[in-house]
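**Q** Sequence:
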Amino acid sequence: MCAASASSDTENMNKTDRPFMTIQRNDSSDNLVFHMKNGIRSIKYKPVDYQQLYALTEAKKLASASTELKIRKAVQTSKISKEQTLIKQHKQVWWQEHQRLNEVRCKMECEIKSFLNEENIGNEFLSDLLNFERELAEQWCIYLENVIHPIQQLREDLKYRLHPISQCSHSQSEFNSLKVLEEVDSVKKQLKAVFERLSLEQQKTEKNLSEWSVQILDHSSEEGINLLSELPMEFETLECPYSDLKSSILNEFCSFTEKYQKKLQDFDLQLEDIYRNFQLSDEDHWIFQAVLDQYPGDLCGRRTLYLDMLQRYFPRKSRHDLVEHEKYCDQYRFAKEQRRILISSWNKNRRDFIQKAVLTLTEACAAHEMESMMTKDRKKQQEVCADLKAKVLKWRAHQEEVARLEMEISVRRREKEEEKEKLWKKKELLQREEKEKKIRKYWAEKEKKWQEMEMRDLRRLEELKKLMAEQSVKDRERMTEHVAWRQGIEAIYLSLTQAFSPLIRGMPSSQLGK
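For the sequence shown, the positions run 1 to 514 when the working numbering is used.
Fair warning: there could be bad hints in the mix.
[Claimed, not checked] Derived SDA-like pairs: lysine to any residue, alpha-carbon spacing no greater than 25 Å straight-line: (1) Lys159 to His149; (2) Lys263 to Ile249; (3) Lys380 to Glu400; (4) Lys336 to Arg350; (5) Lys82 to Trp424; (6) Lys207 to Asp284; (7) Lys189 to Leu178; (8) Lys79 to Ser64; (9) Lys204 to Trp140; (10) Lys466 to Lys446; (11) Lys179 to Leu209; (12) Lys474 to Leu464; (13) Lys60 to Lys82; (14) Lys466 to Met455; (15) Lys82 to Thr67; (16) Lys70 to Lys82; (17) Lys113 to Ile249; (18) Lys60 to Pro47; (19) Lys207 to His149; (20) Lys317 to Asp284; (21) Lys438 to Trp424; (22) Lys192 to Tyr328; (23) Lys420 to Glu401; (24) Lys317 to Ile80; (25) Lys465 to Met453; (26) Lys204 to Gln279; (27) Lys207 to Tyr328; (28) Lys204 to Glu183; (29) Lys204 to Ile249; (30) Lys207 to His285; (31) Lys91 to Arg350.
[To be verified] Listed next, with one range per pair, are the computed distances between beta-carbon atoms: (32) Cys254 to Ala366: 21 to 31 Å; (33) Glu68 to Thr304: 54 to 64 Å; (34) Met370 to Ala390: 26 to 36 Å; (35) Glu283 to Thr304: 19 to 29 Å; (36) His320 to Asp157: 45 to 55 Å; (37) Leu130 to Glu283: 45 to 55 Å.
Quick caveat, the hints were computed from the structure, so don't treat them as lab data.
We put the CB at the ideal spot given by N, CA and C, even for glycine.
Please model the entire structure based on the sequences and the hints provided.
**A** Here it is, written out as structure tokens:
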């Protein structure tokens, strides 16, 4: 019975509350089945204690329930921490975007004011803008007085009135709380009506602005494309004497324009197909694009952040729908960029083509004018050539006469120079002979002086030689006398030594030294 109640309890458990249960098969369970097959009379069979099994089952259930609770708490904690981390990152991005938008707003206001003050657009337009700004400021003050300040005052009153309610009895507190709720509901209804009216005005204004912006952009783009497709004014104003050349240039321009128009139509069809696949409405797409623009491209985890924010803005849209819309937006942006590049290349190539065509037509006109001028001036050129030929012949005769006169003058000058050179050589020869005479006289006097000096030196040399010979004879005699004197002294010394040698041997060494 306990086992049946346990089985019924497990069957009645909700799927969400059912713990993790695993079925294990081991040898004991197989033996139990074997015993049941053999019957109760088997010797190895033991009766089952269902109370103990139920207690074990309940313990396992409690353990698994506590484990599941812990897992749920951990998952919830991780979700909360992840959510807080994402919110923190969102706040940082929002704050940076708020600062950037404030800076852009201040910059734009300063630029508009400086533009209005410097360019002198007109007192009427400037006064209209100032009046509009004044009206907006007055409306904002009225909104603060009629809506924001009463709400703040009501909030303070509610705080003051809710404080004594907690100290009153139950019936009185119910009566006071009903009054407070009625006042809050009435204020909510009034604010809801105000907000609905303001939202309608906002939607109407945004719709008008979007329509005007679309019309202006479409009109400007259509005007640009029409200007690119139209025939240039240069081709109409310029005249070309060669009709074939002008027609070929016009045909080339038409084929060039048709090629770019076909490419542009293909891009427009591609953009329309992509736009039809958008998963969001126009207003939601604007919000989608604004959210994407808030997160800079170099931000870490940018895609995760803006997808999380988009899921908050569009809770009814799945992540798959948002990713699909993002894919189509990227395709739309890429196609639009390619279309812009096509238009810019079309404009550039058209400008280059027009310049080349104008240059070609101008050169053709210049060549035609040159040909006509050459045919007209050919006779004048022949006359001019004849006149020039006569002048050249006359000039040649003058040149020949000038050359003859110059030749005669140069011959006379050469003869004169030769005469001068001859006279100069004669004069130089005479001067050289006089110099040679003076040199000979000088050398004769010098030689005479040298001879006298040589004779004098020779005489002096002979005298010195005689004196030196006499001196050498005297020196030789003195030398012989000295040698004889020395030999005499040595003989005396030897004799004295022989005479005193016995005395010297008997004397002590100290006296001998003295």
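**Q** Are any of the numbered hints broken by this structure? If so, which, sorted upward?
**A** Violated: hints 3, 5, 10, 11, 13, 17, 19, 22, 23, 28, 29, 31, 33, 37.
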